[in-house]
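So the chains spell out like this:
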Amino acid sequence: MDSRRGSRFVIDPKIRQVGFVPAGCESENPNASSAVAAIANVDVNPTSDSPSPVMIPPRLADPLPRAAPLPVPSPPPRKHTSVEIPLQGSYNPTDSVLGTSPPFSPASNGRYAGVPSSEGPDLSPSFVSRASSAMEGMSLREDHLGSPSASRFATVGEYAMFKQQQPQQPATAVTKVYASSLPQEPVQSFAPVGKEDSSKPLKERTTKAERRAKQEADREAKRIAKESAGAKVVEGEARASSNVVGKASRAQSQKKDSASEKRLSAVEKASEKEKKKEIPAPRMQFDDQSRVAKAKKRALIEQTETKHRVELFRHLPQFVYGAQLPSLEAKFFHDDAMHPHPAVYQVGLQYLTGDITGGNARCIAMLSAFKELIKDYCTPRERTLIRDLTARVNNNVSFLTTCRPLCISMGNAIRFLKTRIAKLQLTLSESDAKSLIIAEIDRFMQEKINYADNEITKLAVTKIKDGDVILTYGSSCVVETIILHAFSLGKKFRVVIVDSRPKLEGKGLLRRLLGRGISCTYSHINAVTYIIQEVNKVFLGASSILSNGTVYSRVGSASVAMVANAFHVPVMICCETYKFHERVQLDSICFNELDALVKIPGRKGLSELEGWSQSSHLKLLNLMYDVMPADYVSMIITELGMVPPTSVPVILREYRKDPIL
Amino acid sequence: MGQQMNFQVVLLAGGVSKQLFPLVSKELPKALLPLGNKPLLSYTLEQLESSNLKSIIVVVAGEDVAEQIRAWISGAYDDRLSVESVTVAEDAGTADALRAVASRLTAEHILVISGDLVCDIPLGAIAATHCRKKASMTALLCALQVAGTSDGSSGSTGKEKAKQQSSNDVIGLDPSHEFLTFMASAARIDKQLQIQRSIVRAFGRVELHTDLVDDHLYVFKRTILQEVLEGCPGIRSIKEELVPYLIRSQLRSNPTIQSKPLTENGGEQFERKIAPNQLVKSPLEQASLLGAQANNMKCCAYIVNKDRYCARVNSVQSFIDVNQDVAGERAVHLTGYDISRSNNVIHPTSKLGYKSTVGPHCMLGEGSEMGDKCSIKRSVVGRHCRIGSGVKIMNSVVMDHVTIDDGCIVQGSVICNNAHLQERVTLKDCQVGAAYIVSGEHQGEALAKRDKN
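Sequence order for the protein chains is A and B.
In terms of the numbering used here, the first sequence opens at residue 1 and continues consecutively.
In terms of the numbering used here, the second sequence opens at residue 1 and continues consecutively.
Hints listed in this document are in silico derivations from the structure and should not be mistaken for laboratory results.
Hints may contain errors.
[As the list claims (entries may be wrong)] Okay, derived cross-link-like pairs now, DSBU-like style, lysine-lysine, Cα gap no bigger than 35 angstroms in a straight line:
id, chain 1, residue 1, chain 2, residue 2
1, A, 418, B, 134
2, B, 54, A, 331
3, B, 221, A, 507
4, A, 331, B, 38
5, A, 331, B, 306
6, B, 306, A, 507
7, B, 134, A, 294
8, A, 222, A, 423
9, A, 503, A, 458
10, A, 604, B, 306
11, A, 294, B, 54
All chains should be built: construct the whole structure from the sequences, respecting the hints.
Written as structure tokens, this is what we have:
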């Protein structure tokens, strides 16, 4: 048992690819000899060095065996392994897959966890090199620990996100996560005082060439797996790595590949092409002049760029506020081919003026407008419905984007709609096709938004207990319904609403909650460190959750979560799964929304800020969103259950195999 | 066409207005009154055309008038607009006019515009506001023009002012100036104003304005409009009854249920079943309601920007004022004329005598002739007028084919078609009816032929 656990640790990032690890698979092999245990313990310890944030609960269950390694001085067991390893190194790999030698096979096989079956036949030089390196002694295991795990994953796009995470997160990240769930013992057991220095010399002994050989072996194996798995896997990967970072890493890996072994098979080339097709066009970068000019030609609204742009945010649209609405209104009755559908127009106006805010409300408004559009749609002659309707939807979407940049959840909804349209059967009559799509949209709204909200409310309410003090930031409609529901259940709790300028959205929430008779405290975000002391739960909404567990939310949420984390207050994010996105974002600069600072709340008669957008010495910047690292998030409450942030990619993968159901 | 955005236009061209008594007659209905030498109705039609609203239903009161207007429109706009004209009885109210065309309305939103409105407000903006708010009704409100923009030359302006002040409409707005919460037209205000408690409760605060004017441009939601018109046959006027009625009933889910036919004083009670914060909904509630098509009615206001021009021609004074504005800087762009260097509009075929001057902010129509030593200031002179020598015209409107003999002085007056001012006539603040022959000195009088009836 211990040995298995130990090996798990070594290959940890690979398991994370799989996601939820059922508790059963760990206790598969309970008969472990003491000698093996000792070896395994050596294996266990280095994991504390491995920078990956680990959070697979079952391992935490029994702190005793892990506490055991502490007294064990390293040298003798290490010798022991060095004797054993050559045996293992020369074994037939297929045997190890079958698990004939339980204590060791996982350790050696771990690197190939993703490609168990294809490993057997392959007797490429890389295997020889591995065996030889093993012969040299002690290098096999230590290679696992020593070689920077990041480099091993660089090949596959999906790992790109972990790759990013790993260098960022220090070893303490591991202990931190544990600390929240299991107070003290595991943390102690994880602090390897004596082990550290024992493993360090090992690290140095592997030469660069050896590590290189290992890497290539891995890559080779993966390539074979890819080929065998076929196009589906490729698709999935492509989807998973649709972000820019993923793309970059793939390009990098390609370069390496071609340098080392210049035999990219035809199959792979084809799959590459397919991948490219799958990758959505990169987001519009507003510092790309030619594309901006092109977009301007298409746009219905005249947008003038502000004179005083903030250089760092040149890639985001920075337009003069106030010029858009009149120009849009003036064109209200105009008609040309580009004119959006009235319902869409209406929604666009509402976005522009801020009548509709909030991810869910905006998404529902948009979908309802598209429903109208489809209802009124009739295919022009000599056109096919699928293509023409897609083009029409695209037009309308770009209109909405000019009104206000779409949020990520809306992007998901649009993607859903478009795939539905694209998947229509050609044989369907027009009215059938239309009613089918409308039904699909209805279903999306019901299932993904309404039911999801209900489910989230039900789940989250169980987390509210009598005497709780709940903190929320800004105004999230899900959090609001949770609070109202909990209140209607007769729970006794208090709410702290933290708010921030310039929008002061929390005021509306405060008013509504007070209207129901819930006792509230209202504070601005600068007092959050003070007010957090009396709080014991934090509920936040989210605009989107990215696949590295990052929460993309209204600006200020990240600071609230950080403070809460520092004060050991659990942070719970309430978010529907349709808002999840495969993208990875590490900062709030590369993608964000800039809001015009038009109405600044304040006392009447303060004229200092009048016309400040005209001042040439002043550049205004107002980010709408920020990015909350997964560390601060204790739990994400979705309609599928309450999950840790590390499970986001799993949900993305498992529930969107069929592109966004 | 406006069809694309689901809009339909009803233009209320009116008939022979009583307020403009000596100026209008059966021969010259209000809609065809020359304003800056163009018929009044053309301003509205051109505005609609520029907004790309090209199919218009024109409602005219009175058979004869309808005939004239139809003839004029088909002559002037035949190729550009598709106009459908409907005739109602002469004494019909504005709501009756709407009722007459109710069966022809098919679009989702109905834009009702009065034919006497002269403005440069983009209609798209009003329609956009209406759509954005999902309102059941949107009204155009305009800040009250200070009466008598003419530089106080006439004594009656003060009187007029006082009169207007006492007869202002009372308009209630919510704090954000977006929703209409109350409206009572001047004619119906007694000493008390009744404001429903539920509305005050829903909006939190109600501002009552008397410095705003309802400018007779409305956007209605068709279903609600038809429902109300059908359900309440007592409603005769849009401004005085229909709009206040809609505003009063805006918190109810259904406009006609349990509504007694409107009584004369309009003071019936509505039950208060409305949740206090019905208008302040969380996004989720909104979202859930979207499916069920939230049926609560909202009445919105579009308040005209200060820099836009907006005026109505509904009295003699306003006719003179608007004429001056149209000739002057404020609204000359509405006419489409070229402005000369000396800031006036003089038709090339008109002839000026020796030492005659036409000041800035003046208009001189086609084929008009002036004698020597005349001076025209801030006035509009129509087509084919013959003006003798030594005539002074100030702050006045002279229509077509008017003959003014030598030595006349005209101040602040309106002189209608074919009138004849004999030698040395002095007019101050007078209205001269069509084909009337004036002699002597007059001040503040309406001079017109007595009609047979």
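Hints and how they fare:
Proposed proximity of residue 418/A and residue 134/B is supported: the alpha carbons are some 28 angstroms apart, at most 35 angstroms. With a CA separation close to 15 angstroms, the supplied pair residue 54/B and residue 331/A stays within the 35 angstroms bound. For the hint pairing residue 221/B with residue 507/A, the CA-to-CA distance comes to about 33 angstroms; that is within 35 angstroms, so the pair holds. For the given pair, residue 331/A sits about 27 angstroms from residue 38/B by alpha-carbon distance, which is consistent with the 35 angstroms threshold.
About 21 angstroms separates the Cα atoms of residue 331/A and residue 306/B, which keeps this hinted pair within 35 angstroms; it holds. Simply put, residue 306/B and residue 507/A have alpha-carbon atoms about 32 angstroms apart, close enough for the 35 angstroms limit, and the pair holds. With a C-alpha separation of about 33 angstroms, the suggested pair residue 134/B and residue 294/A falls inside the 35 angstroms cut-off, and the hint holds. Taking the CA atoms of residue 222/A and residue 423/A, the gap is about 32 angstroms. The hint holds against a cut of 35 angstroms.
Simply put, residue 503/A and residue 458/A have alpha-carbon atoms about 29 angstroms apart, close enough for the 35 angstroms limit, and the pair holds. About 21 angstroms separates the Cα atoms of residue 604/A and residue 306/B, which keeps this hinted pair within 35 angstroms; it holds. With a C-alpha separation of about 32 angstroms, the suggested pair residue 294/A and residue 54/B falls inside the 35 angstroms cut-off, and the hint holds.
Going down the numbered hints, you'll see the structure goes against none, and every one checks out.
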